[in-house]
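Chains as they are written, first to last, in our numbering: chain G, 1 to 359; chain C, 1 to 487.
Check each hint, because a few of them may be wrong.
[Claimed, not checked] Distance windows between CB atoms, simulated:
| id | chain 1 | residue 1 | chain 2 | residue 2 | range |
| --- | --- | --- | --- | --- | --- |
| 1 | G | Ile24 | C | Glu423 | 48 to 56 Å |
| 2 | G | Ser44 | C | Asp382 | 48 to 56 Å |
| 3 | C | Ser259 | G | Ser330 | 55 to 63 Å |
| 4 | C | Gly427 | G | Leu210 | 51 to 59 Å |
| 5 | C | Glu58 | G | Ser330 | 53 to 61 Å |
| 6 | C | Arg110 | G | Leu21 | 48 to 56 Å |
| 7 | G | Ala141 | C | Gly427 | 44 to 52 Å |
| 8 | G | Pro188 | C | Phe357 | 35 to 43 Å |
[Stated by the list, open to error] Residues from chain C that face chain G, not an exhaustive set, calculated with beta carbons under 10 Å:
| id | residue |
| --- | --- |
| 9 | Arg180 |
| 10 | Glu316 |
| 11 | His319 |
| 12 | Ala324 |
| 13 | Leu338 |
Calculated directly from the structure, the hints in this document are not laboratory data. Beta carbons are placed, not taken as given, at the ideal position from N, Cα and C, and that holds for glycine.
Listed below, chain by chain, are the residues.
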Amino acid sequence: MEAKASNKGRTGLSFKMTPLLLRIIALLGAVLLSGAALLIIGASPLDAFGLILSGAFGSPSRLAYVMTAWVPVLLCSAGLLVTFAAGLWNIGIEGQVVMGAVFATGVMQCLQPVLPPSAVLILAALAGILGGVLWGISAGALRLYGNVNEIFGGLGLNFIAGSLTVYLILGPWKRPGIGSTSGTLPFPPSLWLPAFKGFHVSPVEVLLGLGAMGLIAALLRGTYLGLQFKAVGKNQRSAFLMGVPIGRRMLLAFALCGGLAGLAGWVLIVGTSARHNLFPLISSGYGFLAILVVLLANLSALWSVPISLFFAALAMGSLQLPLQRQLDSSLGGVIQGMLVLSVLITQGLQSRFFRRGGR
Amino acid sequence: MKVELKAIHKYFGPVPANDGVTFSVEPGSLHGLLGENGAGKSTLMKVLSGVLSPDSGEILLDGRPVSFDSPARAVELGVGMLHQDPLDFPPLSVLDNFLLGSPGRWRLDRSGVRHQLLALLAPFDFQFDPDAPVSDLSLGERQQLEIVRLLWLGVRVLILDEPTTVISAQQRAKLFSALRRLTEEGKTVIFVSHKLEEVTSLCNKVTVLSHGKMTGEATMPCPTDRLVQMMFGRSITVRKRSNVDLGGPILEIDHLTVSDWRLEVKDFSLNVSAGEVIGLAGLEGSGQHLVTRVSAGLLRPKAGRIRVAHRDMTGEPYHQFLEAGVIFMPAGRLEEGLIAGMTWTEHVALVERHSPFWIDWPLTARKAARCIREFNIKAKPDTCVEELSGGNQQRTLLALIPPHPRLLLLEHPTRGLDIESTESIWGLLLDWTRSGTAIVFMSSDLDELLDRSDRILVFFGGRVRVLDARQATVEQLGEAIGGQGFK
Numbered sequence: 001m002e003a004k005a006s007n008k009g010r011t012g013l014s015f016k017m018t019p020l021l022l023r024i025i026a027l028l029g030a031v032l033l034s035g036a037a038l039l040i041i042g043a044s045p046l047d048a049f050g051l052i053l054s055g056a057f058g059s060p061s062r063l064a065y066v067m068t069a070w071v072p073v074l075l076c077s078a079g080l081l082v083t084f085a086a087g088l089w090n091i092g093i094e095g096q097v098v099m100g101a102v103f104a105t106g107v108m109q110c111l112q113p114v115l116p117p118s119a120v121l122i123l124a125a126l127a128g129i130l131g132g133v134l135w136g137i138s139a140g141a142l143r144l145y146g147n148v149n150e151i152f153g154g155l156g157l158n159f160i161a162g163s164l165t166v167y168l169i170l171g172p173w174k175r176p177g178i179g180s181t182s183g184t185l186p187f188p189p190s191l192w193l194p195a196f197k198g199f200h201v202s203p204v205e206v207l208l209g210l211g212a213m214g215l216i217a218a219l220l221r222g223t224y225l226g227l228q229f230k231a232v233g234k235n236q237r238s239a240f241l242m243g244v245p246i247g248r249r250m251l252l253a254f255a256l257c258g259g260l261a262g263l264a265g266w267v268l269i270v271g272t273s274a275r276h277n278l279f280p281l282i283s284s285g286y287g288f289l290a291i292l293v294v295l296l297a298n299l300s301a302l303w304s305v306p307i308s309l310f311f312a313a314l315a316m317g318s319l320q321l322p323l324q325r326q327l328d329s330s331l332g333g334v335i336q337g338m339l340v341l342s343v344l345i346t347q348g349l350q351s352r353f354f355r356r357g358g359r
Numbered sequence: 001m002k003v004e005l006k007a008i009h010k011y012f013g014p015v016p017a018n019d020g021v022t023f024s025v026e027p028g029s030l031h032g033l034l035g036e037n038g039a040g041k042s043t044l045m046k047v048l049s050g051v052l053s054p055d056s057g058e059i060l061l062d063g064r065p066v067s068f069d070s071p072a073r074a075v076e077l078g079v080g081m082l083h084q085d086p087l088d089f090p091p092l093s094v095l096d097n098f099l100l101g102s103p104g105r106w107r108l109d110r111s112g113v114r115h116q117l118l119a120l121l122a123p124f125d126f127q128f129d130p131d132a133p134v135s136d137l138s139l140g141e142r143q144q145l146e147i148v149r150l151l152w153l154g155v156r157v158l159i160l161d162e163p164t165t166v167i168s169a170q171q172r173a174k175l176f177s178a179l180r181r182l183t184e185e186g187k188t189v190i191f192v193s194h195k196l197e198e199v200t201s202l203c204n205k206v207t208v209l210s211h212g213k214m215t216g217e218a219t220m221p222c223p224t225d226r227l228v229q230m231m232f233g234r235s236i237t238v239r240k241r242s243n244v245d246l247g248g249p250i251l252e253i254d255h256l257t258v259s260d261w262r263l264e265v266k267d268f269s270l271n272v273s274a275g276e277v278i279g280l281a282g283l284e285g286s287g288q289h290l291v292t293r294v295s296a297g298l299l300r301p302k303a304g305r306i307r308v309a310h311r312d313m314t315g316e317p318y319h320q321f322l323e324a325g326v327i328f329m330p331a332g333r334l335e336e337g338l339i340a341g342m343t344w345t346e347h348v349a350l351v352e353r354h355s356p357f358w359i360d361w362p363l364t365a366r367k368a369a370r371c372i373r374e375f376n377i378k379a380k381p382d383t384c385v386e387e388l389s390g391g392n393q394q395r396t397l398l399a400l401i402p403p404h405p406r407l408l409l410l411e412h413p414t415r416g417l418d419i420e421s422t423e424s425i426w427g428l429l430l431d432w433t434r435s436g437t438a439i440v441f442m443s444s445d446l447d448e449l450l451d452r453s454d455r456i457l458v459f460f461g462g463r464v465r466v467l468d469a470r471q472a473t474v475e476q477l478g479e480a481i482g483g484q485g486f487k
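Only chain C is shown next, with the shape it has when bound in the complex (with noise of 0.2 Å):
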């Protein structure tokens, strides 16, 4: 089915997300949709599947003008999209969640469609339980499920938007492949990113925002820096790892057990250097988080010991560690770390006191424009922090760390940002270990890890692996978050 799209605009108040966006996929192809956070990739998305309506604009299939008043409706003609966040419903069971949103019919014939998920399922290499509670399949897994789900309602047209953010390396592999199969199969699909090598790996083609506006195309194989201009208006220099000479012990982890619910970290040791980079790697869930909540004091271990530049820290709350200067940054930006509906002048007010009991309000909102323009944030001192975009509230949590952090702790510090920032924000925590701080953190890019980091550690069921990311290829580290090499 071919899909075009005619000077589509759709505003938010005042400030454009589509600004007369004009472009076609040809049927049959897979069309990359290219643009930093905030180009408003999704926004467009969303007006071609049905989620909102477009202020101005008109949508063609296959040359018939349309409009859709629902997802519904889009799903009805042939057009289906995959969203970010799944949007299923983790209790009930797969077959259940495979059966919900199927139109129209009063008996539920159980068996029949039970066969026919199967059936969709084998060619793809998909595997997994249709009588399992979907909370039990990984996010990866739900993905695949509900782009089967599209395919059974006859969606020729498959949307995906930013699928590969929170899936493993073997998922992203699998899911690439089954696109590749679609397409043969004469289906179309647009696949929406942010990072350049997926797209120029997967893609025929590929439409490029920014800002609203389409900003150009290129038929692949193309140039990376082609798109990176077409993507920043102008090019970018990547920094790598610097070579920071060692300092002290920072954090020494001691035989350490550790344990949630489901997982167990044991018999643990690690020792982190002052200026040291400690990549966390793994699939989601494998241990990596243990071994950061329990650095933060967040967790008790259930054995062995913890020092923070050689004071002991086994057992104390959290704010004795906050105040030893160990920072925890959690993955949820607007979860675990700002809080939305208060403005930047307010976060500066609660991390850092100037007098016991009244707060200057004029040299606070000084101080918070001050480390607006050192962090380079869009934002005004009285912003809330929920109208910021994601780069933009990541450099927020970094500028609101205190003075001489010893230990930085960050889940995904750039999960979901786009080269620009993820840039800014290493450069940040460069700075910092140049001056002795050591940062521990978590990544499912593997080219972060080996980029950044002085040494790996992999998870894999609650057991560790370290690679010296100097060394290691991303075929071995990718090999080991699969499991290989752990006795």
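Isolated chain G, as found in the complex (with noise of 0.2 Å):
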């Protein structure tokens, strides 16, 4: 564990080499996993990759669809850097998307119809933002005051938030006439982000998505404040002790990934490929994939960034297995789980017989 952590050094940006050989076995090791899985169901691996590989990168538009889907990931991803390097498991991260969502809406209902589109977007796009904060902070009170471990404090918070969702779509903000669970109705093509004719991505979200990843990757490597994120994440009594603040660093930092999971949430509102509307799970998993997009890339932002890329690539990609070939998409999260746990497993090995020794 130790060892592995000083490898990593101060930037988490660097590989070394045998960790990296290690992730291209387990790549290959996920790979010939999944291709018996699709054996044993009896269709054909290379047929399947094939489609999944043409179905995310195909034509123009499905490379549309797969940059839309990475955008949450990568803010959530962004978010998530900041609560494990303080040693915190955000597992609400899935209810802050929510009720980024949530207030986003909220905003463009009552000020559609008073302020220009662009004013709307922004202030849903600020007021998403302060959603996932609360929702961050209140899994990050609930430990700190309440004594309630910040996993469970957040599996609480997400079914919560997801019951508000169902109500406001049955109730408050229901459609003209019945309310369905499909969701509110949708905003116009005015409150969508701008996007290039042909090419359905908007500029917006990708650089809002890199952007955050850039600005979180030089908080944690050149700032105070990451550093003292780290500390906290590392030994909260040493930490204490050297006169590091860790209750506001903990509120900060769960604040800090609540607010990029809220952006994400309006994201998944206004986004060029979204459904433009608020519906029940519109998290979608998001928050969930991108923890394991973290664990994967090692807490490292660079890598955050492929990673992320080539899971909306398998999510986008393996929904073209029911389309042509009768065959589940949820294939991709099979392919998926087994790249983590094979991923894991070699991590788990390293640390076992590449570790240092103690006198």
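The two chains are supplied separately, each in an independent frame; assemble them into the complex guided by the hints.
Laid out in structure tokens, this is it:
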């Protein structure tokens, strides 16, 4: 464990040769295992992998879909880098995404008639951030003042956020006429993020995602605040005695992560390829996916970028499986799970066999 | 049983912890294994007791080559080791701990074993209740239990790894007489220590290790200088207390009452002046820890007042004390002091800020390199602190103290360190007292308390006695720690 931490170095951006090799082995292992799973259900692995690949990158519009799925994962991963650095398991990130979407929807519904669209979009983004921050701080406060482990607090808050959406969709925000779980009334295209013609991706989203990741990387690498997060994560007691205000830092980590997750919730409402309305389970597991991304990237901001893109491509590409071969699209999830498990196993084996001995 | 080790090599990565060590121990002898911290003593003994397997080399018991695949196998062949930290199960009772690890039985014969346990305890004058949970025993008693357990399992070679680090003076005396008794019965005892006086007073023969190699052997008695020469390759001069002129009051404690869940220190008053060194003595947990922690702002007093440099600090939070120049250094270097997984430079950046937001890494690294040189630490700016030896970790903690501290509260500042490290740490501390820093330190080493302090506060069950360190003798201090002279 310690040896691994020290190899990672200050920046968290450097991968040594052996870990990289192990990751390649893990990737091959995952491909082989998923291939075996496909063979068992009687499908051709090569054909299925080909379909996923072409489903993700086969045409500009498919690539656009991948990019729009990529941005929420990227935003959540950036936030999780902060909470993981501070030693916190922010399982509540799904709820923070949902609350971001709820707050954004609320503001858009209220202000839509009175303000110009661009102002509505910006205010909605701020509201989304606020929603995520509130939900994040709630998990942090439960941990800090109520002594509730953030994993359980986060799970509880996820349920509350989910139930709240269903209530809003079927109650106060129901479509004119009958309420339906398919969601609220979609917003008009004036409240969609502007996209390229023919390539349905908004530069705003992608820039937001990559910018957030860059800012977080800089924060963790180059600032006193980032160093304090790391100190709190590695040893709260020592950090406290050195004068780090650990309670405030934990809350701030939750607030930062919640804010970015809330922004992801806003993207899920206004993003180019979004459904442009609030519906149940709007977070679509992107928050949990981001947890896997950050773990696979070994808490490196740089590696989180391609890994989240890969996962987005896998998720979107596997949508082609049911359309073209009557295979279930959850095969994408199977491949994803295999990948995560094989990487975690190689990490576990690495720390078991390559750890440094003490005297 | 005769023990022979031949050309033992053990590597951790590229670093040899044991580099071809050869020595033998005669049956029925009390053999000392002496060396500074990190000399490879513990590694060698872990090899001999089956915890580690050697990379090369041979172990012979009574002339027969053996190899152990586990500590249990070593015990079966008659070699048992008492580790630095007790390896018992605190929630279980003494009897259950005793029974654990007894080989291959389905049915537990509790009453039979109880008698055997009591019979084993009696000759050593060890006394504890077989039904008490182990968590109620002191560390010294847990050690006694482990010794008796190993003997019951049929161990004929007993290895003790730094057994006196955490026990009281009385328990040490009891342990030493028990070890002498064992050798009279024909058992072989290997006593690992970095404390010269213990080895010279206890052992018949001593083997000295340094940097993983054997650097000498001596039959006792042997002049201490020669042993030091073998341990360090040179002799060391011990600097005694410097007579600093005391300044104004730094810490004033007035009729203070402070308590934790099991102990209360009542109506305690103390004045510490600039440049003064106060030693806190007593068995672990007799109240010293309450005084250091309340003076650091980590505990709130129930009654009374605390002033630091004339300022009333009663009830202020910890960071206010920190800003007032009160520095608390806990005993657990990696538990409460340093942050494992972070580098030297990162520690420097944590304790001092040059700009509001961005860290100037090159500047901080230069500053770290300067500190490392000044404090004579074996590290580089990008070394992670957990890779340092105990002495270097302790010096690192001192190096991270902000300039001009008013009051240093130190818990066991030299525990587990060899003479060389201890001297260098006290050298640094005395330099501070000359510029007006007051020091309050806790120690279980009587000589250290007598040599370094101006006054010694002895704690016993929450009560306090004051001794003048310049007048008191080791015997008086030992008796006071044992509870004599308290009203």
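Tested hints:
no.	hint	in the structure
1	G/Ile24 <-> C/Glu423: 48 to 56 Å	52 Å, holds
2	G/Ser44 <-> C/Asp382: 48 to 56 Å	51 Å, holds
3	C/Ser259 <-> G/Ser330: 55 to 63 Å	60 Å, holds
4	C/Gly427 <-> G/Leu210: 51 to 59 Å	54 Å, holds
5	C/Glu58 <-> G/Ser330: 53 to 61 Å	59 Å, holds
6	C/Arg110 <-> G/Leu21: 48 to 56 Å	55 Å, holds
7	G/Ala141 <-> C/Gly427: 44 to 52 Å	48 Å, holds
8	G/Pro188 <-> C/Phe357: 35 to 43 Å	42 Å, holds
9	Arg180	29 Å, violated
10	Glu316	14 Å, violated
11	His319	6 Å, holds
12	Ala324	12 Å, violated
13	Leu338	6 Å, holds
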